[in-house]
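Undergrad: These are the residues of each chain, in order.
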Amino acid sequence: MNSQFKKGVLELIVLLSVNKKDMYGYELVNEVSKVVNVNEGTIYPLLKRLTNEHYFETYLEESSEGPPRKYYRLTESGRKQKKLLLAEWKTFHEQVNAFIKESENDE
Amino acid sequence: MNKEQFIDYMNQHLAVIKEAERKDIIDEYINHIDEKVSEGMSEEEVIESFGDIDEMIKEILDAYNIDPKQAKSTDSFDKKVNEVLDVLFEGFQSFLSKITSMDVDSIVRLMFEVLVVLIVLAILRIPFEIMESVGASLLRGLFGYGIGSTFAWIWHTICSILYIIIFIVSLINITSRRWAHFKHKQDTTILDDVKESFNFEQAKEAVRRFTEGTKDASAEESENKSEETDEKAHQHSAHHYTHEYKHEESHDYQAPSLLRICMSIFGFLFMIPFIMAIIVLSCLLAWLIAMSFQGVTVIGFYFLVIGAIIGCGAVISLIDRYLCKGGH
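Just so you know, the sequences run in chain order B and G.
Per this note's numbering, the very first residue in the first sequence carries number 623; after that it's consecutive.
Per this note's numbering, the very first residue in the second sequence carries number 48; after that it's consecutive.
Read the hints as simulated data drawn from the structure, not as lab findings.
Keep in mind that a hint or two might mislead.
Here are the simulated lysine to aspartate or glutamate pairs, DMTMM-like style, with alpha carbons at most 20 Å apart [unchecked claim]:
| # | chain 1 | residue 1 | chain 2 | residue 2 |
| --- | --- | --- | --- | --- |
| 1 | B | K642 | B | E653 |
| 2 | G | K83 | B | E662 |
| 3 | G | K70 | B | E653 |
| 4 | B | K628 | G | D101 |
| 5 | G | K50 | G | E102 |
| 6 | G | K105 | B | E633 |
| 7 | B | K656 | G | E95 |
| 8 | G | K65 | B | E675 |
Heads up, incomplete: computed chain B residues facing chain G, CB under 10 Å, no partners named [what the hints assert, rightly or not]:
| # | residue |
| --- | --- |
| 9 | G630 |
| 10 | Y646 |
| 11 | G647 |
| 12 | Y648 |
| 13 | L668 |
| 14 | L669 |
| 15 | K670 |
| 16 | N674 |
| 17 | E675 |
| 18 | E687 |
| 19 | K692 |
| 20 | S725 |
Computed from a prediction, not measured in an experiment: that's the story for all the values here.
Note that the Cβ used here is the ideal one computed from N, Cα and C, for glycine as well.
In isolation and in its complexed conformation, chain G is listed as follows (with noise of 0.2 Å):
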């Protein structure tokens, strides 16, 4: 074995080791062999001189307490939740520290934002709605109601799946270009990123289509697009209202800060349900972190995660029916 093959033996199998520990120990063993082959043995000779390597190691990590044949077994795989733990970290405490730097305005207008994305993929729903009655309906006409049923529930489930899908790529794309604007300090309102993520100017063409009353095949679709247009011009101007009142606070900063206050409360309640969404899932997370490092294999963690869904959804059932109950 020469230098290299010997570094890289070093850090596949020290892997689970923090890097700059790693790089620390690897160097002294670098420097032992440098300064060896100095006084005239060769690399191979020195790196022959330590003995098994694999003892050598045992022992690196027993200067850790890390039990060797558990990094052996999940060495990679921890890596990796470490990498994409560390990548999570980070964006989350620069997410925190803008926000904290943020004053009152932009976080009133952040929380408005979020509504405005919200309701427009509420919007979303509604064609999906429609297309899943319709089509169940159809289904049950044809085939009769025992395996029209099932043929809708199948129907149910792909459109379900469709909407999530549509949901959350709009939703990604939504967020990135808002986020770079951002970046860029551009100052565009969260309806032009809206608009160029759903291509605007299709949904246009479809509206101007529906008012001239050609009625085609994508009629239905226009009329949904059309009801989403207006919710958007609606929000549009509620928007351009509420930049006109905060040019009016210089004016009068009483009642504006007052309603600024009452916005701010609105938008706590508003986000409640989505912050303790978030809290749930990362507690679920990272329990599920806990239980790899502890061993649990890939199949194991699988099995974890289906427990973990199956489980917050009986949770969720259970709250629902309560509440139900409670609003009957």
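Pulled out of the complex, with its shape left as it was, chain B reads as follows (with noise of 0.2 Å):
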């Protein structure tokens, strides 16, 4: 798939992963690459800006295996970020939609 249309989604999907429930990062980037083939590098990335954001705050949590892993839970404000973005989300899929039936009937 082409990587700028991955690259938009991608903030999306996480926002909506981690509305689901709280997650640390290799458990999220294994949760984001289910959904959108990506380099899973650029993952961390996008976490690091979404908390820089203030849409994502972190606290550590001891685990049965390993050193504490670092989860990452949404705040209101990341709440209102997905909110906004999945509603633009479904509209410019709409758009497309209708755009695409629309030439697909003129063919």
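Mind assembling these two chains? They're in different frames, but the hints should get you there.
TA: Set out below in structure tokens:
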């Protein structure tokens, strides 16, 4: 898939995943790569950016195996951003679909 | 690339980011690699799955709103500037906390000590002054006024540089000794430190020779040193006097507290030029650092420093001229 397409929806998918439940980095990467096939390395910078923009807050939690894990939690402004992006995505999706139908009818 | 190499590479290219933040983000990658390795992949395979690492670094920098190009050109330089700034800031902070936690007595004492040091250093100027004028007139006499003046000017410059070097070295020497004593809570006077710094025994020796009337080549030097010791002796007695005076404070509180206030005011007035100089210098430094963060190269930085020095010199000479005119 086109990498520019991926980048656009990646933020939405990450926000939706963390909205379901708090997740740690590796878990989140696995969740996201189920939906979009991305280079796994590119998700961490996105997590950092979303944390810097205060959409996420982080906390440490002990794990049964290995060192404590850093969990991501959606903040109030993160929830707002998720709603906004979701609405944008829906209108965008509808408009594009309508346009595709129209152009198919023309053929 | 294995894990170690990957960590090194990331650290190197993310040097602009603060250490704690950098560690935070690199830890995420380390965790990722460890998890994948425990699932049976090799380190190399996991790192390959990250794709283009430079692209990844660009995105991390982007998350901090840092222009990757700028980060590349100045990363090591900025890091150094940051380190120097951190050290300066910490020093300044501890200095401030020391000063603010001092009582009036210690502040007066500190100012008195600064005064002593400056007087000693000013006296140190005398031999150089003599050396300069004697040398200059000798050179003018030997080579005539034309070429002689040029040589005299060079001689002046050499002497000034020498004096400045000695001034700075002895200042650092005295302060570091004083600081060490201050830290170990040793109750020595500033004069002990000054004595230590200048190797006082030598001066005493010279004075003794001078008083015995052996006028050898070092007579001029020892003369100055004798003046120095006289001055120090005065200071010493003055110091003792203030100490005794402080002892009397417990008996009669009113007068000494007035004296204290007077001395603080005097000390404050005395400190004003130094404070102004420090403020101007720190503003200059801050401006230069700000410029360097905006991507000025090392060469540009040098030009800025030179320009700033020339500018400062011009301003100072203007003020000087104005004051001289006002005085006449």
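Undergrad: Against each hint, give a clear statement of whether it holds in the structure.
TA: Against the structure, the hints:
no.: 1; hint: B/K642 / B/E653; result: holds (11 Å)
no.: 2; hint: G/K83 / B/E662; result: holds (11 Å)
no.: 3; hint: G/K70 / B/E653; result: violated (24 Å)
no.: 4; hint: B/K628 / G/D101; result: holds (19 Å)
no.: 5; hint: G/K50 / G/E102; result: holds (18 Å)
no.: 6; hint: G/K105 / B/E633; result: holds (17 Å)
no.: 7; hint: B/K656 / G/E95; result: holds (19 Å)
no.: 8; hint: G/K65 / B/E675; result: holds (17 Å)
no.: 9; hint: G630; result: violated (14 Å)
no.: 10; hint: Y646; result: holds (8 Å)
no.: 11; hint: G647; result: holds (5 Å)
no.: 12; hint: Y648; result: holds (5 Å)
no.: 13; hint: L668; result: holds (7 Å)
no.: 14; hint: L669; result: holds (7 Å)
no.: 15; hint: K670; result: holds (4 Å)
no.: 16; hint: N674; result: holds (6 Å)
no.: 17; hint: E675; result: holds (9 Å)
no.: 18; hint: E687; result: holds (8 Å)
no.: 19; hint: K692; result: holds (7 Å)
no.: 20; hint: S725; result: violated (34 Å)
Of the numbered hints stated above, those contradicted by the structure are hints 3, 9, 20, listed in ascending order.
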